[in-house]
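> Protein chains in written order, with our numbering: chain S, 1 to 788; chain G, 1001 to 1168; chain D, 2001 to 2284.
Derived by calculation from the structure, the hints in this document are not laboratory data. Certain hints may be false.
The calculated BS3-like cross-link candidates involving lysine-lysine, where the alpha carbons are at most 30 Å apart (straight line), are [to be verified]:
(1) S:456 with S:660
(2) S:34 with G:1074
(3) D:2064 with G:1074
(4) G:1003 with S:63
(5) S:766 with S:184
(6) S:463 with S:766
(7) S:526 with G:1147
(8) G:1092 with S:526
(9) S:495 with G:1092
(10) S:185 with S:93
(11) S:660 with S:778
(12) S:34 with G:1003
(13) S:17 with G:1147
(14) G:1092 with G:1147
(15) G:1147 with S:660
(16) G:1147 with S:26
(17) S:26 with G:1092
(18) G:1092 with S:522
(19) S:495 with S:522
(20) S:180 with S:93
(21) G:1074 with G:1003
(22) S:778 with S:456
(23) S:766 with S:353
(24) G:1092 with S:17
(25) G:1074 with S:26
(26) S:195 with S:353
(27) S:195 with S:766
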Amino acid sequence: MSEVKNDGFVGRSIPRKEDQRLLTGKGQFVADLKLPGMLHAAFVRSQVAHARIKSIDLSRALKAPGVVYAIAGPELAQMLPPVPDTQLSLPRKWTTRVQHKFQNPQQPLLSHDKVRHVGEAVAVILAETRYQAEDAAELVEVDLEPLPAVVDPIAGLTPESAVLHEQYGTNLIGDFVVEKGDVKKALAAAPRRIKRRFHHHRYAGIPMECRGVVGSHDPRTDTMTIWSACQVVHWLKREASTVLNMPEARIRCVALDVGGGFGTKGHVYPEDLVIPFLARAVGRPVKWIEDRFEHFISACHSRDQIHDVEAGFDDDGRLIAFSDNFYVDCGAWNPIGSGIAYNTAVHLPGPYKFDHFFVRSRIVSTNKVANAPYRGAGRPEATFAMERIMDMIAAELGLDPAEVRLRNMIPAAEMPYHLGIPYRDGEMIVYDSGDYPESLRLALEAIGGLDAFRKKQRAARAKGRYLGLGLGCYTEGTGVGPFESATVRIDPTGKIYVAGGSCPQGQGMETIFSQIVADVWKVEPKDVVMSLADTSGVAMGFGTIASRSTVTLSGAIHQASEPLRQKVFSIAANMLECSAGDLELRNGAVGVVGVPGNEVTLSTIAKAARPGWDSARPQGMAAGLEETAYYEPPTVTWAYAAHAALVEVDPDLGRVSIDKYVIVHDCGTVINPMLVDGQIHGGAVQGLGGALLEEMSYDADGQILVGSFMDYLVPGASDMPHLDLVHMHHPSPLNPFGVKGVGEGSAIAPPVAIANAVCDALSHLKLEFNETPIKPEKVVRAIWNARR
Amino acid sequence: MTKLVDIRLTVNGREYQGQCEPRTLLADFLRDHLDLTGTHVGCEHGVCGACTVLFNGEAARSCLMLAVQAEGAKITTIEGLAQGGQFHPVQKAFHENHALQCGFCTPGMLAATIDFLNTNASPNEEEVREALSAVLCRCTGYQNIVKAVLAAAAEMRAAGNAGAQAHV
Amino acid sequence: MKPAAFDYQAPTTVEEVVALLGRHGGEARLLAGGQTLVPMMNFRLATPAIVVDLNRIPELAYIKNDNDVVRIGAMTRQRAVEFSDIVARDLPVLQAAIRMVGHLPTRSRGTIGGSIANADAAAEIPMVLQALGGEVSVRGPSGERRIAAADLIEDAMITSLAEDEVLTEVRFPKMAPGARFAVEEFSRRHGDFAIAAVTVVLEMDKGVCASARIAAAGVSACSRRIAAAEDVLRGRAVDPDSIAAAAAAAADAIEPLDDRNASADYRRHLTRILTGRALQRAAA
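For reference, chain S alone in the conformation it holds in the complex:
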């Protein structure tokens, strides 16, 4: 049954099941939830970056109309522990292989001793309406003693810097090294060297739906239900169990329709725990819907790394050694621990073959919103450093950047390729499948050929028009463990019920997993009942982060289905009086191979499997048709892509227009091509937004300069190009369906593809753009400086 036949549903662009409700206004997002007696919460948030809390006076707020309850950090700290430490998980295999030191400051549910960034919550108000809660929040008096703010991570490591988490005596909260070969020696011996600093700036996922939580406690059964717009409901259940001091069995967590996540909603926030706590304390359901202003100052930001790179190479442009000391501007808290930084470290080599590699990562706390994964999660920063270096090697040697890449790429004949460093699951990295040079060749073909472009570029430049080609190639570990769960049950009607630990935010999982299940069970997608994002469906699950769900949930579905099919065949064989080996699944039934009509439906088999009198199952067989499996992937499977951007730079305005953008990618077996394209389009536009428009900026006092969509520029339809997609299909050898993750990939390369393209367009001026975003004024200033 691991065979997926071409006449099945996998591989077809089936329109989504989810659309019917979402197109008619019948979806349900957390903000849409209305419960009897429900109260509304508003948080009071710090307006300064770093300060000691002297006092918080709620007396006026408590007297405001409609206010039912209010509590501030110092009082809450007496009642509740901080967000538990479980967010940081380092597998034993990894800790023994990687030299590291981590401090993980635990974030209190409301600040009580200090505030550590603008936007950190210090108090919360509950009122009959959100309008009234906001009215009262304005009446809270917060007395703060300001402290110097840490805004630059490198300055934050100096002895004179203020320290956010005083118990450590330093702002360095993470430090590790990954290496192979002997970089020092190899760099010293390399015929040529390049040394540069790169800065990949701070931007964020910005889902169109902000965060939101509703908590409701039922005193009769002492059970808690938490609805959160989140990507990880099982994780939330675990943390809620600790903080609320309740067994997991008394907690149900549900994500309804979620309006985008992109990693921003990929971990548990203090609000996810405070709100249910208050619901229980007050005895009424409580709802908190983050508004957009709050979102900018309290939902996690991302990227924000400074890389100091030295690369050694030979006269043919072959990379010999690559060394990178990089700093993560982590913000005030580090909810995902080593996740982003380690991703950056191991994705630096990308599709290239070289022997000497050293990377040291330092994670530094600063007085900014916490840094957490956003689509790509550390990989765009790595790809930026390596892919800029490739272009610099080309520039130094007078070679085409495409040629330098082809000379350095791992040839297809060397796959699978052992990289020689461990992934974050602790397993040594093996690039499992694919053809990297071919992806680049296809990208060049799709832009109309390299030579044709160079000719056009020269002709345009002669007329004062600046065209540029930028490449961005990367590899991406996808489908990371530790596990995902699935429960598969044959319903008495013959429908297939699947509950899984995945937790979607628009990916179309009800559709794609219905396609997979339909093929596995030889039914139609409409006969599949999916239950995701609800901890009542399956007790243990992981969630939807890190381009993992298609890989891991399909594995779990497969793993649960196989023993279940054997049981179904045993019962059918008993009923048809034949051998199970003669049976096959077909059209919602089990039949004797080669004997049309000699079959029994899944519905009949499910009824036969019921416990009780008159069972038709074989002697000794346990009742019921249900299996739960936990798929633990052996390690990640490697997707990859080549992006090619053709841009024109307007040297007077500094505007960068994208004339063509090509993406060649390989995510193995494609379940639903239309949906895969949609994932790639969305990720690429997010990457392009980061390259050109989006920016979370702070002033020298740690004051955030973004508070609205007037300051944070999310790309609109007319700012973005049409994207040309080319698909390669090297199925993954690591999982039953041959799939690789696709969620994050296309956001990885655009920043560097654009930077390279702008540099290429202005190569006659020998300009380098080693920082993002590439804003028009920066381009104009660089041109002015070059001409000066």
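Starting from the known structure of chain S, arrange chains G and D on it as the hints suggest.
Using the frame of chain S, we list chains G and D on its own:
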């Protein structure tokens, strides 16, 4: 508390009466008072466009209007687009072309698109992109939305029901 | 992001508006299209005690052809202007500029008068009014008075209207038949506030510039007509030399803002580039 105001309006062809504070935003009134939660609130400052509804036939931000201003108005929200269980051509095109992922911006996209196609029955891609820049989408990269709007325009032209309200 | 409480008034005549303003003065805010005021209220950056809604005054919404001017009621929606045949024929530059104001759904509500009275530095409509040398009518306790475009906007979001006055009508002089025009705008994203915008209206006579009208927005605290650049062109052929000279004069004449959206240098530079491009396009 300020005194409440009475509001009578027609939404999706049905008459409603309600009471709210003058400060109640139209978006909140639709969602919280009339339980029409298909209209989404994404920024409350008029940029993201998720809350866009058809107000007397024209697309408008419901987060930038007071509910009291809708007294006597005819509003169409996403809940009112399908007729007799049949998708509006724009809904149909969105479904067929995978023009939505999380669905949060979708109510605004549909309203903005229907209004736009009423003013321009035969748009080109550039015009479609310009019109769609009224609503932010974070999932789709816009490509399939553009495709869907062009497909809907073609279908509506074929059906002869586009352009009737041009030059409103 | 919910507005603070306020009292709401929806008068049906201008007289009532004037009376309300007289009674409440600075406590009251006029609500026109709401595309600026309501976001400010949602952020609680504006917390008026009384909101006076102008949307129930039918007499304030019209577009009238009146000899050599087009009279537009203050509460006329930007969208109505965009699709108006009168505007398309007699004020094509206004139509071009209106299409750069936000997006269709914001133009459905946004009004001509609201945009002018709000006097945002980057707003296109006041810039066009200044370029064409129009005027506005305002009504106050002592009756109606007219204010010329040049005297209307005093600083960022500050007009010469008194606290108890309401803007009722905007009068745009019709463009001469055959007048050439262009509006050039630079913003980071489509539909956003302009970092720089330039409007140019030219009347040519036998290959020579008979009249040039140039105004800029976004670059300074408020939009302004740039006489220095106009003077360069008058009586000259509009060719690369005169365009460059006029563009340089425009860049010199402005007092650029310096903020995180753009430095003063860059704004001055953009003024020169956009003036040049607008002139080039108008003259082509």
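> Each hint: holds or not?
Structure-based check of all given hints:
no. : hint               : result
1   : S:456 with S:660   : 14 Å, holds
2   : S:34 with G:1074   : 26 Å, holds
3   : D:2064 with G:1074 : 27 Å, holds
4   : G:1003 with S:63   : 20 Å, holds
5   : S:766 with S:184   : 29 Å, holds
6   : S:463 with S:766   : 19 Å, holds
7   : S:526 with G:1147  : 26 Å, holds
8   : G:1092 with S:526  : 19 Å, holds
9   : S:495 with G:1092  : 27 Å, holds
10  : S:185 with S:93    : 29 Å, holds
11  : S:660 with S:778   : 22 Å, holds
12  : S:34 with G:1003   : 24 Å, holds
13  : S:17 with G:1147   : 20 Å, holds
14  : G:1092 with G:1147 : 12 Å, holds
15  : G:1147 with S:660  : 17 Å, holds
16  : G:1147 with S:26   : 24 Å, holds
17  : S:26 with G:1092   : 16 Å, holds
18  : G:1092 with S:522  : 28 Å, holds
19  : S:495 with S:522   : 11 Å, holds
20  : S:180 with S:93    : 17 Å, holds
21  : G:1074 with G:1003 : 25 Å, holds
22  : S:778 with S:456   : 26 Å, holds
23  : S:766 with S:353   : 28 Å, holds
24  : G:1092 with S:17   : 13 Å, holds
25  : G:1074 with S:26   : 21 Å, holds
26  : S:195 with S:353   : 20 Å, holds
27  : S:195 with S:766   : 16 Å, holds
Checked against the numbered hints above, the structure violates none of them.
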